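Residue strings, one per chain:
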Amino acid sequence: MKTVKFTINGKPVEAKENSLVIDAAREAGIEVPHYCYHPALGNPGVCRLCMVEVEGMPKLQVSCRLPAKEGMVVRSNSGPARTAQAASLEFHLANHPLDCPVCDQAGECYLQDYYMRFGGYTSTMREDKVHKHKRLDIGPNVMLDSERCILCTRCVRFLDKVTKTSELGIFNRGSRSELLPYPGMSVDNPYSGNITDICPVGALTDKNFRFKVRVWYLDRTPSICTGCARGCSVEVHTNTKRPWHTDGKRVARLLPRHNPEVNDYWICDEGRYGFDYIDAPTRLKAISVMENDKLRGLTWDETVAALPAELSALCAEKGSSGLAVVLSGTLSNEDLFAARLLFVDTLKAGHLLVKTGPDQEGEEDALLRRKEKVPNLRGAQALGFGGRIQESSWGNILDGITSGKIWGLYVVDRDPSAVWGEKANGALSRLRFSAYQGVNVTHFADSARWVLPSCAYVEESGTFANFQGHVQKAKAALQPLGDARPDWMIWGAFVRALGGSFPFDSARGIFTHLTETESEFKGLRWDGLGKDGVKLAGSREPQTAGAA
Amino acid sequence: MTDPAPETQERPASLARHPARIVTRPVMRFQERIYLIEVWHGLVITSRHFFVNLWRHTRRAIGLVARAGAVTIQYPDDPAVVAKRGRTRHRLMKREDGTPRCVACMMCETVCPAKCIKIVAEESPDVMIEKRAKIFDIDMGLCVFCGYCVEACPEDAIRMDTGQVEMSSFNRQDMVWNMQELLGNKKKDPAANVPRL
Ligand code: SF4
Ligand code: SF4
Ligand code: SF4
Ligand code: SF4
Ligand code: FES
Chain A
33 MKTVKFTING
43 KPVEAKENSL
53 VIDAAREAGI
63 EVPHYCYHPA
73 LGNPGVCRLC
83 MVEVEGMPKL
93 QVSCRLPAKE
103 GMVVRSNSGP
113 ARTAQAASLE
123 FHLANHPLDC
133 PVCDQAGECY
143 LQDYYMRFGG
153 YTSTMREDKV
163 HKHKRLDIGP
173 NVMLDSERCI
183 LCTRCVRFLD
193 KVTKTSELGI
203 FNRGSRSELL
213 PYPGMSVDNP
223 YSGNITDICP
233 VGALTDKNFR
243 FKVRVWYLDR
253 TPSICTGCAR
263 GCSVEVHTNT
273 KRPWHTDGKR
283 VARLLPRHNP
293 EVNDYWICDE
303 GRYGFDYIDA
313 PTRLKAISVM
323 ENDKLRGLTW
333 DETVAALPAE
343 LSALCAEKGS
353 SGLAVVLSGT
363 LSNEDLFAAR
373 LLFVDTLKAG
383 HLLVKTGPDQ
393 EGEEDALLRR
403 KEKVPNLRGA
413 QALGFGGRIQ
423 ESSWGNILDG
433 ITSGKIWGLY
443 VVDRDPSAVW
453 GEKANGALSR
463 LRFSAYQGVN
473 VTHFADSARW
483 VLPSCAYVEE
493 SGTFANFQGH
503 VQKAKAALQP
513 LGDARPDWMI
523 WGAFVRALGG
533 SFPFDSARGI
543 FTHLTETESE
553 FKGLRWDGLG
563 KDGVKLAGSR
573 EPQTAGAA
Chain B
1104 MTDPAPETQE
1114 RPASLARHPA
1124 RIVTRPVMRF
1134 QERIYLIEVW
1144 HGLVITSRHF
1154 FVNLWRHTRR
1164 AIGLVARAGA
1174 VTIQYPDDPA
1184 VVAKRGRTRH
1194 RLMKREDGTP
1204 RCVACMMCET
1214 VCPAKCIKIV
1224 AEESPDVMIE
1234 KRAKIFDIDM
1244 GLCVFCGYCV
1254 EACPEDAIRM
1264 DTGQVEMSSF
1274 NRQDMVWNMQ
1284 ELLGNKKKDP
1294 AANVPRL
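In the order they appear, the protein sequences are chains A and B.
In this text, residue positions in the first sequence follow the working numbering: the first is 33, and each later residue adds one.
In this text, residue positions in the second sequence follow the working numbering: the first is 1104, and each later residue adds one.
Next comes chain B alone, as it looks inside the complex (with noise of 0.2 Å):
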């Protein structure tokens, strides 16, 4: 009854050009400038850091209750710890039979504090389903991980329990995820929209 989504995605033009956000960084003072006054303001919380665990570190070494001292994971030689209930990057859920659970229903779209999720809907073959997402993409530049989208959404069409927290890119554009991206179908490549030399 039901076939599994379009392999490719036709775009409307309206989303061929993905709006950039202009960011104004602020202007340095002249203290800042100077260089050396910062330098030693980093060097002072540094060394604070360092005294304050050598003492907790030393204090539980020989027995005393005391706060535990950080821990330094080797990152990213050592894997990033997330916990189990942490948020973190999306995916979309699918049926027994492999079609996306999503239908279309914006309801994500729509509590999306940071407007990041973008859906297009169509006719889906199977008249029980009615509707499903043709296209479905999630700009993970924009995006808080509030996790409101799994909140809102009434399907469990998505998740964000990837435990996948690195989505970095070397663009904008490339930090946008496709439905054929977020189900699995298709992975990631970071670079896809590098300009190769």
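This is chain A alone, in the form it adopts within the complex (with noise of 0.2 Å):
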């Protein structure tokens, strides 16, 4: 399509012809103030704050739904504009309340930081302000305070098209227009926090995050969510600096972040709410070993001591085909890689699973959700699980159990009784060996001889491949809780103990590692993973293949 060129507040952009004035104007680093304009939504132009001034015409524009000419002049910091935008927002607040102390929105919201950019008049109005619904329970996850709406329809929109379930509208007619659930709806989409984000101020506020913790306490890192096979890209907000106001947990809230390759604005309420695993009193914070019935603690260094020699003592003794090791889709590549180089190269273990079972799979649908709820799985491939390293069944090992054919069980983050149910209970007890490592405390671990603490994926930086082959980096947001450590720094250790050689300290070096060695993974560069991510040689279209 043709380029046009022209010039905004005397900056000259070039941008697609026809393409919206707002769009190029953000592009050149100059904000235009809008609210009801939203890439992904549309551009109604009901709100009028995005006007500005075009040379030749004579009334002022809403930048939001001028095309771009060739040649255009155009102003959003003039006096007639400003002066234009200034008045739509003593619009917008002519009945808004005054709730910032109690308005969860507050420190993010868009009225706050457009009144002190450009608003700052003093109110001029005499009348009562109208009153509306304070409080509204509108679904599971979304409470509404329709007095603090300003009528963008956002959110309308977002449930017209996105989730296309349309459980809210717009009633009555001026002043006293409002936003309300249509009669006996509620919002209670599997996609419904979204509106909580896109809502520009706090008539949406998320239940969830209610109240919790001011937004300015908050600490935010670009992370992934580990939900399921889609790996969304997100923002996790922690909170360490005043743990009393989220009664000590770390992570507050996860926000979804703009990725057009993986998933749009849009996180499902799955993902968003998904974290609490992560604080919860089940997490494992400290090694234990049973002996003699009896349940003892211990250090790295003993446990680095002690549980390879056993292994390999016992695969020496009963053949290492007798060794199942239950990996999981939910660990990083760094993570798969050290679990590949201890169970396969050097232990060379029977029995390996990583693909998903009962255990980690659920609803799946066309916009987001993956039916795989762990986020690697295609990391997994690329490094040969399934492929060139044969994977096992949760059927097979549980026949080799009672059998007797499998002696020992090693079991990351997942738990076989979920899938086997109460009658594998028995054939457990058979087991020579068994551990369990992973965050959370599961049935296994009660019943398996070690037990080994990891880290939650936020507070280890490692990259994960999506379904489609989409590598992204997430980052630390947190310290190791307790004495947990990440997957690759155990298996890592025990390699060394076994003999073996690992020369890394950190993901990234083993990430530089993968990229050397792997075909999948070369010509990837961890810092060239950028905030969107790149896709695996494997999975791009076969025009870009090389190009990286």
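Careful: at least some of the hints might be erroneous.
[As the list claims (entries may be wrong)] Simulated DEER-style distance windows between Cβ atoms: (1) B:1129 - A:293: 42 to 48 Å; (2) A:110 - B:1125: 54 to 60 Å; (3) B:1126 - A:332: 31 to 37 Å; (4) B:1276 - A:167: 34 to 40 Å; (5) B:1129 - A:377: 55 to 61 Å; (6) A:538 - B:1126: 53 to 59 Å; (7) B:1128 - A:377: 56 to 62 Å; (8) A:167 - B:1174: 57 to 63 Å.
[As the list claims (entries may be wrong)] Here are the computed lysine-lysine pairs in the DSS-like style, where the Cα-Cα straight-line distance is at most 30 Å: (9) A:244 - B:1289; (10) A:326 - A:437; (11) B:1197 - A:239.
[Said to hold, decoys possible] If you only want the chain A side, here are some residues facing chain B, beta carbon under 7 Å, derived: (12) 166; (13) 239; (14) 243; (15) 246; (16) 276; (17) 346; (18) 348.
It is worth saying that the hints were derived from the structure and are not from the lab.
Note that the structure is predicted; figures quoted are calculated from it, not measured.
Every residue gets a Cβ at the ideal spot worked out from N, C-alpha and C, and that includes glycine.
Two chains, two separate frames, one set of hints: put the complex together.
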């Protein structure tokens, strides 16, 4: 398409012909204030905030509906444009309650931001404000305060266009217009949390986050959601400096991060609220081993001296084909690499399982959610699991244990009893060796001989490949809890204890090694993953293959 | 519509142990350790004050205009004199119906340079108030009496006008005033956390 050249605030910009001026301005680093326009939800032009002055046009224009034309001269900061923007803002605030002290949006509210930036007027309103509904529970995750709503219709359009569930509408007319759910409806679709993000003000707030902590106390780290194989880009918001606000829980909320390749602007509710396990009381914090029916605590040094030796002695005595290792798609590429080095290359375990079973599967839909509720199956595949390395199955492993062929079971982050049910309990007691390494206590951890605590994904940097082969980096947002260590670090130490070589001391080092040795990871770089991520070699479009 | 703030405050585990600040004291030099030189310094200062004040009082007594000499207040036998605008111990204000004015907006907690205010918010039963404090602690041992919290409060919920400057206690934990004590609903026991023998 033809590109056109024009100027915004004296700055020359280039944009596609007929693209929106507001977009071109943003790309040039000029933010025109706006409420109703959202790149994914269209531009109804109802808020009248994005007014700009265009030379040659007698009246001000809304930049969210103004197509770019050759030679236009646009000003968003001229006197008339500023006056119009401030007037629109005053109109939005005419009936807006003075709720900031009790409003969760305060600190990230566009009414506050724009008022401070260009509003700044003294109120001229003498009339009483129109009162509407407060604290209206409109769904399992969302609280509505319709007095605070500025009627931008973003939420209505999200529910109409994206989830196609249409629970909200605007009722009545004039100053009495009010955003409300349709009679008898509740906003309970699996993506309902997103409307609290796109609402530019505090009308829709997140019940899960409500009144917990002020947003300016939070630290933000780019990461990914590990709730399913989509691996949506998210930002992890942590509260560590004032722990009393969130009752000691370090993760306060997850918010979606725009990534056109993966999740656009959205995440599902399952992922959004699926972070409780990170600070749950069930987190494993210490190593323990069962000796003569008694639990004993151990340090990592003692464990590294004892566990690998015990495993290799048993492998030598009973044959390594009797060792079953259940890994999980929740592990990062770096963890899986260390697992491969230990269990496949060093110990030569007979049974390996990574793929999801009934324990890690759930609902899926066309928008984002995937059936496999783990983030890194494609990464495991790229590292050879299920291909070069043959995968076993839950059924085979149970048969092996019952028939006595399998003497050892090493489970990572999964719960066999969720698949086998109670029937397996008898079988499990026949194992000579059982170990559980994971983030939270499971049923299996209670009966395992070794229990090792590992880090949750927010406590250690790592890379994950989603089902499209899109590799993204999750940065560490927190310190490990208690004695928990990254999985790769634990297995690396075991490899060294068994005489192997493991020359890595960071996830970055392992990833760099992968890009040099694994065909699928060739050409990637740790720093080159950026904020959007990069596709694996085997998942790239044919025309771009080899370009990286 | 409203009900009074809860009598008993539930504390989250993270508040159970109040962090103590470790202060390192300066090491004494030789000159200070032999004692006599420092005693002499002290006597010089005291005598200087004595003679300067004697001079000022005498000049005033014979009718000459001069600076007033120092007056000794017999504190603690006589009460401390605090200016009306002096910043003294905080109190939390109440609405007409007796509920706390504080809406747990955390402005004071945010502005406090000593980081000595701890608030935990909860849902208020009154929908027009929406939010209120469940826990509101001020650690008087850390407070620097800057008055920023009073300035920051949008609800006039906190003031520093009690005239009270005596807040000593037997340990750090007892320097923490909770919401009921700040509201005046409960008298502060300065030795609540002293183990009784
Ligand atoms: S929506 Fe914004 S301006 Fe309105 S009360 Fe909330 S924080 Fe204040
Ligand atoms: S609730 Fe928020 S997103 Fe929905 S119309 Fe009102 S201001 Fe816009
Ligand atoms: S007076 Fe200053 S230091 Fe003391 S509580 Fe208020 S803001 Fe904090
Ligand atoms: S600033 Fe005022 S209303 Fe806000 S939390 Fe402090 S005392 Fe309460
Ligand atoms: S953003 Fe242009 S009118 Fe609302």
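Hints, verified against the model:
no. : hint                       : in the structure
1   : B:1129 - A:293: 42 to 48 Å : violated (60 Å)
2   : A:110 - B:1125: 54 to 60 Å : holds (58 Å)
3   : B:1126 - A:332: 31 to 37 Å : holds (35 Å)
4   : B:1276 - A:167: 34 to 40 Å : holds (37 Å)
5   : B:1129 - A:377: 55 to 61 Å : holds (60 Å)
6   : A:538 - B:1126: 53 to 59 Å : violated (38 Å)
7   : B:1128 - A:377: 56 to 62 Å : holds (58 Å)
8   : A:167 - B:1174: 57 to 63 Å : holds (58 Å)
9   : A:244 - B:1289             : holds (27 Å)
10  : A:326 - A:437              : holds (27 Å)
11  : B:1197 - A:239             : holds (28 Å)
12  : 166                        : holds (5 Å)
13  : 239                        : violated (10 Å)
14  : 243                        : holds (4 Å)
15  : 246                        : holds (5 Å)
16  : 276                        : holds (5 Å)
17  : 346                        : violated (41 Å)
18  : 348                        : violated (47 Å)
Hints 1, 6, 13, 17, 18 from the list above are not met by this structure, while the remaining hints are.
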